[in-house]
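Chains as they are written, first to last, in this note's numbering: chain A, 1236 to 1483; chain B, 3 to 271; chain C, 3 to 271; chain D, -13 to 229; chain E, -13 to 229.
Keep in mind the hints are simulated off the structure, nothing from the lab.
One or more of the hints may lead you astray.
Once the Cα atoms are required to be at most 30 angstroms apart in a straight line, the calculated DSSO-like pairs of lysine-lysine come out as [stated by the list, open to error]: (1) D:K95 <-> C:K94; (2) B:K94 <-> C:K14; (3) C:K57 <-> A:K1371; (4) E:K198 <-> E:K221; (5) C:K94 <-> D:K96.
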Amino acid sequence: HCAAGKTLTDGKLTIATGNPAYFPWVLDDAPESGNGFEAAVAYAVAAEMGFSEADVVWVRSSFDEAIQPGAKNFDFNLQQYSITPERDEVVDFSAPYFTAPMAVLVGPGAVDTPATMAALKGLKWGASGSHTSVQKLMNDIQPTSDPLLYGDNADINAAIGANQIDAALFDLPTALFLSAVMIEGSKVIGQFASDESQGGDQFGMLFEDGNALKECVDDALAAMTSNGTLAAIEATWMQDTTGVPLIQ
Amino acid sequence: MTRRELFEHRQKRRSIMIAATSTILVLVAVIVFVPMTPGWEKVQKSFFNGAVLAKTFPRLIEAFKLNIMIFLWSAPLIAILGLLVALARDAKSPALFPLRILSTAFTDVFRGVPVILTVYLIGFGIPGLGLPRPWNSPYIWGSLALILTYSAYVAEIFRAGIDSVHPSQRSAALSLGLSERQVMRDVVLPQAVRNVVPSQMNMLIALQKDVSLLSFIGPVEIFRQAGVFKSLLANFTPYVGAAIIFLVVTIPATRYADYLLARQSRERS
Amino acid sequence: MTRRELFEHRQKRRSIMIAATSTILVLVAVIVFVPMTPGWEKVQKSFFNGAVLAKTFPRLIEAFKLNIMIFLWSAPLIAILGLLVALARDAKSPALFPLRILSTAFTDVFRGVPVILTVYLIGFGIPGLGLPRPWNSPYIWGSLALILTYSAYVAEIFRAGIDSVHPSQRSAALSLGLSERQVMRDVVLPQAVRNVVPSQMNMLIALQKDVSLLSFIGPVEIFRQAGVFKSLLANFTPYVGAAIIFLVVTIPATRYADYLLARQSRERS
Amino acid sequence: MAKLELRNVVKRFGDVVVCNGINLDVEEGQMVCLIGASGAGKSTLLRCINLLEPTEDGGIFLDGTDIAVPGLDPQAARKKIGMVFQNFNLFPHMTALENAMLAPRRVYKKSRSELETDVASLFTRFGLADRMQNYPDQLSGGQQQRVAIIRALAMRPDVMLFDEITSALDPQLVGEVLDVLLQLKQQGMTMVLATHEMQFARQAADKICFLKDGQIIEEGPPEQLFNAPKHVATKEFLSRALK
Amino acid sequence: MAKLELRNVVKRFGDVVVCNGINLDVEEGQMVCLIGASGAGKSTLLRCINLLEPTEDGGIFLDGTDIAVPGLDPQAARKKIGMVFQNFNLFPHMTALENAMLAPRRVYKKSRSELETDVASLFTRFGLADRMQNYPDQLSGGQQQRVAIIRALAMRPDVMLFDEITSALDPQLVGEVLDVLLQLKQQGMTMVLATHEMQFARQAADKICFLKDGQIIEEGPPEQLFNAPKHVATKEFLSRALK
Ligand SMILES: Nc1ncnc2c1ncn2[C@@H]1O[C@H](COP(=O)(O)OP(=O)(O)OP(=O)(O)O)[C@@H](O)[C@H]1O
Ligand SMILES: Nc1ncnc2c1ncn2[C@@H]1O[C@H](COP(=O)(O)OP(=O)(O)OP(=O)(O)O)[C@@H](O)[C@H]1O
Ligand SMILES: [Mg+2]
Ligand SMILES: [Mg+2]
């Protein structure tokens, strides 16, 4: 078998996710259930590589632990890591398993903002400091006042609640989730065309540099793409995003 | 009753009155006026949410045990290393010049470098050099990072204490035939340590809180746990829970230290 | 040349030799042996990556300006508030009992509560009560959180300094007809402050680094900037860049403070 | 009405009674010497008069006003009462000159320049003109004690309290300082001294008080006390002190 | 060979020369008194003998061995030389008894119980038996000074240095302490005193040295120095000191 002898523990597949793991990627912070997009992808990939559900071991890791030099405590790590050439120098990525457009979430005070670049420039922006959305924000939107950056989405949520920022940039599934469930009175006013960004929002699984298992996972993903498994998982767990207008 | 006793009795009654009144006034102001602000309900839901607190508190306490353990093994090592560095920095003999330079560099660098970088560098960097498990444990190397950083701060405080002991005390002790080491141990340090207890108490409290920085390299202690809950629930109440746990530990500790100090100084004069 | 001068000359030569030798030995050990470890190349690429450093350094310096600004307006306010709290805690008159209690509670709470909670509570909570822009700025409220926390620490240190001044100094000053306030200002505080300069230097350095905690509520200071780069480049080198910037500021500052202290004590004896 | 009247002054440290009902009249311009064994309470009594120690009971009347009333601001009285301590208690962070000028500058809001000639002349009188700019740690014990005297005199007090001020001086300077005390007396200064200089007390004092265990056991003009002590304890103390 | 020999001892503070080539022989069992005005350098000389101040030049010979050689460990010499200071310098964090027992316990590794009777008898001899458990801050000046003397004697030194040890004592105790010094002399103790007690120096000293500006201007047996001083400065000093 492809994965034989390439995993951390023989016969087991150790997969890392975030602490905590968020909706809609993992439901209820419980990847073991297989509920949620990434959890489902993980189990599908595992199955494709010949691991039973019982052979999948979940661990938690932060971004920092994922990129530290030296031995890792997981076979691969999936928590919406965008594939970038810079990151690729330090770690290895699988082929993309999802392509997420960036989307603009605005707070209750700015729901009437039109979805145009010109209008977006003038807003007070926030974003997550550990996310590729920062690059997008600075390079493409170029806001007139300095954006504020936060550690995680809960902090952005609080900043919108305190009226300290008008808008924030997320990947579209997250933005939709936050708007619907977390941030009262907020709205997703637009998304960027996904082909427009230079690969910044393609999610891949992360491996220790030079990990031989990558080939197996890539093969598994290719198989899942061609036989429609991946598309089916997406349809099950991801909200329909066609209602969100494109930003002009 | 002497007239002084009479007077002090009256004074005490008066000051208790003032204390009670002012406390009540402040409390009333907070309890009445803050909830009248437009955003109070939201803030209350975010920061003082009973349901969230009840749900997260047990796990926070669980995680706090890790803090306590890391604290318990780091604090004594910090005290020892800090004291050694302080002594090395104060070495008078010219032959010990290299030691003095080295210890000065030590305090400068480890105070100057942000703790979190030290934690990353030592916690990720050293194991990254190729140590096998379990020697690459983040607990070991993270604690070492804390120990090095805090030793630098603690050493500076000890040094201030040593400097605050009047040189005539040294003279007197030396003249009795004590060696430099004995003078330091029996005469200078006891007075020095006493002078810096409040500052060192500061450090202990700060350390207790900075144990949380280890979470950057993996260990899930109380702060990381609170952060996880915060992210998951989009609610800051778990931090308030963590703060309560910290206060329950630190306030009695500081009060007790103050009490010991006060008793000590009463005994002497 | 007297025989002491001869001796000291020899001593000095010897100790410089020792210093040079030991420094070279340590350097050789680090330069030769560390790169021989199996993981060195990876660690070097992650932490000491020249290309990454060159690319990120200018932006880090840019972000550091914000740290400096926040530091510059917070530090004096901390010194003032810390001193006031220390004085209130030491108030002797029974009539000032409520003030004493209040200031004790202040130091206990703000030292005990983790800075980051204070930052969240004040930085998100107070603006969340319904303040309009620009009065809800995270810069203002984040700084206030820092000021409150650090004042508590600084107050304790001042108090230690005040206690370290011998009571006979107070007696002497009072006997001259100075008021309690004048005694404090002209006699006790100058000696107290001098005794605690190293401890307060500790605090200044710690503050300089804790300014970074403001990044939790939005402001992009050097640490957040380094974190952004770390995420984008999956590389810890930007943190090393940040550390270098901190060291460049703190080491000369501490050396200068030490020098001033040494000069002062030389002048006196 | 005497310049300074002590009525039944009681001072305790915890359970130890150090002043046990002291009564004493000091007339304007008088020099009163307190003598007695070590631990008799001389220093403590002087500290009480200067309100540095709160008294448990009794009154201390300066110009007829009780200055020891609990709750009264002691500053007003202290301005009029100078004190010099056994252990100098100079301010180590100030030069000798600054030590002497601090109180007049702060209390009477005088400028340095107004004070400088005045204070400098005191330094000259005590042979310390060339040491004004030194810090206390740079002065010998004798020099430090003289600075302490200058510092108290710089406030131009009505009453001066001296606690064994000559104990750290060499004999040469003891003479000089005692001369200064005599001068002060001639200028009408009211003074209370705790002293072991029996010869000086005998020559210069208007009244001697012998303290034992916190009480004035015997008092009177020097001739009477030295030549015809009534009390056994006084006799014994003097016989040993004068031998 | 004298017990203690100073040869051309030079001590500077920065540019100020405080000991300017001092030569002095102290024979075994002799009591030598240093007299001189304030600032003459008496205290500094005693500190140099006890190696508390490094000397710039010259030799200090104890039993024929130079103890002031730069780089030599001073501890061995200090064990044999006790010193009592003008300002007590008691350790404030220890009781009187602990102050006295510290050095013998540490240096000679004796246990508390071994020392206790021995040290307690010293306290009794100095009238402080009931103050052994007090902290220095709880003692009067005189009491503190006596504890300092006891502390030095507890080490049973060969040579004792006293720096104006009676200056804070009341006359009654001055007598007692001087008696103890005489006893010590009879037991063969070698002593160097800086003192202003001219009468005592005259009666008890074997040799008097008059210091001025860091030099021994004149030395000799007391009769000679007091009755027929050769030097003008000595005459002047004595005339004022003895008046
Ligand atoms: N703060 C204190 N606490 C307890 N006891 C004290 C305190 N201060 C002084 N005493 C005690 O009070 C008594 C009187 O002390 P005081 O200093 O007044 O004596 P004195 O007559 O000045 O002696 P001396 O001539 O030695 O200076 C002494 O027995 C002393 O031990
Ligand atoms: N650490 C020092 N730095 C500079 N000068 C000093 C120092 N210590 C002492 N001196 C000076 O050295 C001289 C001698 O001082 P010393 O204390 O030996 O005099 P002394 O004879 O003991 O006087 P006294 O009788 O007043 O005690 C004095 O002029 C003093 O100011
Ligand atoms: Mg006294
Ligand atoms: Mg002297």
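Going down the list of hints, with the structure as the test:
1. D:K95 <-> C:K94: Holds. D:K95 to C:K94 sits at ~26 angstroms (cutoff 30 angstroms).
2. B:K94 <-> C:K14: holds, 13 angstroms
3. C:K57 <-> A:K1371: holds, 18 angstroms
4. E:K198 <-> E:K221: Judged against 30 angstroms, a Cα distance of about 12 angstroms means the pair holds.
5. C:K94 <-> D:K96: holds, 29 angstroms
Going down the numbered hints, you'll see the structure goes against none, and every one checks out.
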